[in-house]
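There are 2 protein chains.
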Amino acid sequence: MKIMEGGLENIKGFAFSALECGIRYPGRLDYCLMAADHPCSAAGVFTTNQVSAAPVKLCRERIANPVRAILINATNANACTGIQGYHAAEELTGDIAARLGAPAASVLMASTGIIGRQLPFTTMMDAHQKLVESLSRDNGRLIPKAIMTTDTVPKQVCVSFNTSAGTFSMAGTAKGAGMIAPDMATLLCFIISDAPVERRTLAALFRKNIGATLNAITIDGDMSTNDTAIILSPRSDAPLTADGDLNAFEEALHTVLARLSEMLIDDGEGTTKRVRITVKNAKSDADATRIARAIAESLLVKTAFFGNDPNWGRIAAAAGRSGAAVDEQALSISFDDMSLLARGTPVEFDPDGLVKIMAKKTFEVTVDIGLGESGWSILTTDISLDYVRINAEYST
Amino acid sequence: MKIMEGGLENIKGFAFSALECGIRYPGRLDYCLMAADHPCSAAGVFTTNQVSAAPVKLCRERIANPVRAILINATNANACTGIQGYHAAEELTGDIAARLGAPAASVLMASTGIIGRQLPFTTMMDAHQKLVESLSRDNGRLIPKAIMTTDTVPKQVCVSFNTSAGTFSMAGTAKGAGMIAPDMATLLCFIISDAPVERRTLAALFRKNIGATLNAITIDGDMSTNDTAIILSPRSDAPLTADGDLNAFEEALHTVLARLSEMLIDDGEGTTKRVRITVKNAKSDADATRIARAIAESLLVKTAFFGNDPNWGRIAAAAGRSGAAVDEQALSISFDDMSLLARGTPVEFDPDGLVKIMAKKTFEVTVDIGLGESGWSILTTDISLDYVRINAEYST
Numbered sequence: 000m001k002i003m004e005g006g007l008e009n010i011k012g013f014a015f016s017a018l019e020c021g022i023r024y025p026g027r028l029d030y031c032l033m034a035a036d037h038p039c040s041a042a043g044v045f046t047t048n049q050v051s052a053a054p055v056k057l058c059r060e061r062i063a064n065p066v067r068a069i070l071i072n073a074t075n076a077n078a079c080t081g082i083q084g085y086h087a088a089e090e091l092t093g094d095i096a097a098r099l100g101a102p103a104a105s106v107l108m109a110s111t112g113i114i115g116r117q118l119p120f121t122t123m124m125d126a127h128q129k130l131v132e133s134l135s136r137d138n139g140r141l142i143p144k145a146i147m148t149t150d151t152v153p154k155q156v157c158v159s160f161n162t163s164a165g166t167f168s169m170a171g172t173a174k175g176a177g178m179i180a181p182d183m184a185t186l187l188c189f190i191i192s193d194a195p196v197e198r199r200t201l202a203a204l205f206r207k208n209i210g211a212t213l214n215a216i217t218i219d220g221d222m223s224t225n226d227t228a229i230i231l232s233p234r235s236d237a238p239l240t241a242d243g244d245l246n247a248f249e250e251a252l253h254t255v256l257a258r259l260s261e262m263l264i265d266d267g268e269g270t271t272k273r274v275r276i277t278v279k280n281a282k283s284d285a286d287a288t289r290i291a292r293a294i295a296e297s298l299l300v301k302t303a304f305f306g307n308d309p310n311w312g313r314i315a316a317a318a319g320r321s322g323a324a325v326d327e328q329a330l331s332i333s334f335d336d337m338s339l340l341a342r343g344t345p346v347e348f349d350p351d352g353l354v355k356i357m358a359k360k361t362f363e364v365t366v367d368i369g370l371g372e373s374g375w376s377i378l379t380t381d382i383s384l385d386y387v388r389i390n391a392e393y394s395t
Numbered sequence: 000m001k002i003m004e005g006g007l008e009n010i011k012g013f014a015f016s017a018l019e020c021g022i023r024y025p026g027r028l029d030y031c032l033m034a035a036d037h038p039c040s041a042a043g044v045f046t047t048n049q050v051s052a053a054p055v056k057l058c059r060e061r062i063a064n065p066v067r068a069i070l071i072n073a074t075n076a077n078a079c080t081g082i083q084g085y086h087a088a089e090e091l092t093g094d095i096a097a098r099l100g101a102p103a104a105s106v107l108m109a110s111t112g113i114i115g116r117q118l119p120f121t122t123m124m125d126a127h128q129k130l131v132e133s134l135s136r137d138n139g140r141l142i143p144k145a146i147m148t149t150d151t152v153p154k155q156v157c158v159s160f161n162t163s164a165g166t167f168s169m170a171g172t173a174k175g176a177g178m179i180a181p182d183m184a185t186l187l188c189f190i191i192s193d194a195p196v197e198r199r200t201l202a203a204l205f206r207k208n209i210g211a212t213l214n215a216i217t218i219d220g221d222m223s224t225n226d227t228a229i230i231l232s233p234r235s236d237a238p239l240t241a242d243g244d245l246n247a248f249e250e251a252l253h254t255v256l257a258r259l260s261e262m263l264i265d266d267g268e269g270t271t272k273r274v275r276i277t278v279k280n281a282k283s284d285a286d287a288t289r290i291a292r293a294i295a296e297s298l299l300v301k302t303a304f305f306g307n308d309p310n311w312g313r314i315a316a317a318a319g320r321s322g323a324a325v326d327e328q329a330l331s332i333s334f335d336d337m338s339l340l341a342r343g344t345p346v347e348f349d350p351d352g353l354v355k356i357m358a359k360k361t362f363e364v365t366v367d368i369g370l371g372e373s374g375w376s377i378l379t380t381d382i383s384l385d386y387v388r389i390n391a392e393y394s395t
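Those protein sequences? They're chains A and B, same order as listed.
Reminder that position 190 of the first sequence reads as 189 in numbering that gives the first Met the number 0, one-by-one numbering, no gaps.
Reminder that position 133 of the second sequence reads as 132 in numbering that gives the first Met the number 0, one-by-one numbering, no gaps.
It should be emphasised that the hints constitute simulated quantities derived from the structure, not laboratory data.
Careful: at least some of the hints might be erroneous.
What the hints assert, rightly or not - Each pair of labels, with its calculated beta carbon distance range:
1. B:324 <-> A:242: 34 to 44 angstroms
2. B:351 <-> A:97: 21 to 31 angstroms
3. B:283 <-> A:326: 57 to 67 angstroms
4. B:283 <-> A:284: 23 to 33 angstroms
5. A:235 <-> B:47: 49 to 59 angstroms
Just so we're clear, the structure is a prediction, and the values are computed from it rather than from any experiment.
Where is the CB? At the ideal position from N, CA and C, for every residue including glycine.
The shape of chain A in the complex, shown without the other chains:
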């Protein structure tokens, strides 16, 4: 497997377009289309929020179909918009499908932006002719930028990999997690490949690899109504089936997802560092996840990270209230290689040394529960003054 320059434009069989539609603001790319030359197998992972956006509902209904295109808009989430919002998504995708000469149910949609406002339906319909006319492979370069909201840099990764059927490529793009940029928020992630993989296998591999990547990052624990990750792969009479080939595909997929996850964490305007929280020797997998999340989402832990405050007690307190089995006599905590709590007893430590670790752009906190053999790891951030500033001022 090899990391390549560029992104979506490297993948044969796809075309793209993006334009300034003026959905909420003038002068920014906010409406785009990713179209496959031929029907694709698709797999998707969507928000588990019970309040979900209209385009998420549409995707859930259509994801098992052969898929021809994904229509994406930024600056309006089309969430909490009732039946009117759902019909808008239906008609917008229906019109695009007609223009592509494809079945209505073969077009997916994803939206990100403010919750509770109707889309400017006519304005968007009026843009469709140009959107379809300007489709080209080279316009793949525009997509990472067109889906951005308060992200500060476009995010894309491209890899190539070898199989018994030849060399294939895979490219992915993602935008700001719900946490960094609240409701122009939402994690959107789109991955395409020219390697043909059968739909059920694609779905299984996608779900599995998201678990340790996109689902193992957190900035503030708020889950968007719009979170959407979709992968497209060409339908073929001869899909990859050999173990070695699927392993190569999965390695490429994991790499693309893991890199995009790090990019998402690193880009928070309101964050200054990336911290890996690793929980070891928990009683069960569920416990390990619960403890890691409680620590990763604790405001007190995150403000301590921001201030380089050598206040490791906050880690112990978060673990203790996580709801997982924790015995403080068995609990050990370290930051990078520095041990701070060893089986319930505080270790004499050099506070200046700890401050030095915490002042780094990235470091690791290891929490050994000492009660079992399960582990989990999650990437988190600090929470800074800018986080509050950005989130207090966003929609006004």
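With chain A's structure known, arrange chain B on it following the hints.
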């Protein structure tokens, strides 16, 4: 029932002392004693954090005993201090008990401050003679101040109430919730009364009334290792038992707890407003609580409160991810009297009017789930730039 001036010093049968021991900083009251003239019935509610401080463990063991005194220190939590920390709490209370001529197991202890450091044991022992010698009823005035950490104002309430056995009084004091001031954090609350109530009744009334007061406030959802609320009432051969008398006692107790809860919420250095989140028509009591907490603890909701950002979609998103049953077609949201979402459909509203509501020092958000008949209400705050500042800089 009547609200009275002053606090603990109004209650007959108790004596108090407080001094500058220098536990962590010089020149501040940090060590104090509340002593009853005669053994009391006691009830306590403690943190449910599995990592709990040594004094909390001690209290849990002793709370059913006749109680003579509560020893309290600020600036050091005596949490994550292993067996050494537990022995320190045992010996400190043992020494106080001996000086009071009381059984060792009749003295409780509460601590608040930084986690993971051993108490300055000798310094504290050396202060005991003065602590016991200076006990007086009038020194009750010092306690609310001596237990403060980053609280900006001392908190106390005193009420009197009539029963068939005559007029009694009740006074309470509390200090900064774990959230405002992280790990010099901890909610401590002490209530005393000269009205005799049998221990089991006292425990039942205390637990019941804390549910809708101290346990229905949140600032950041972080639970301290040291949270402690204790009530003392004189042991008597003729405790209050008549329904009318216990109702009067309970009304006094609820008032004291509710007022202290509001004082705690209002005092956050890092908060600028108090918001009541009321959930109605949820499917079950557990669901109502879960939804109210998810909203009250959402960083995105709290930053919107801070910035007067009329971004009500964040409320819907928090409700949807709470884990409780939520059907967006049945969901309605209003701020004070302004309806924003009615059974899943956004209502046209005047953003300036909403900003005016949110700019108030206190307002109410009502979330109607429309699926049942259960409700719950919680007091929360915004999260401000100062919150991050205070919590990033605290321990260094």
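(message) Check the structure against each numbered hint from earlier and tell me which ones fail, lowest number first.
(response) When the structure is compared with the hints, numbers 2 and 3 turn out to be violated.
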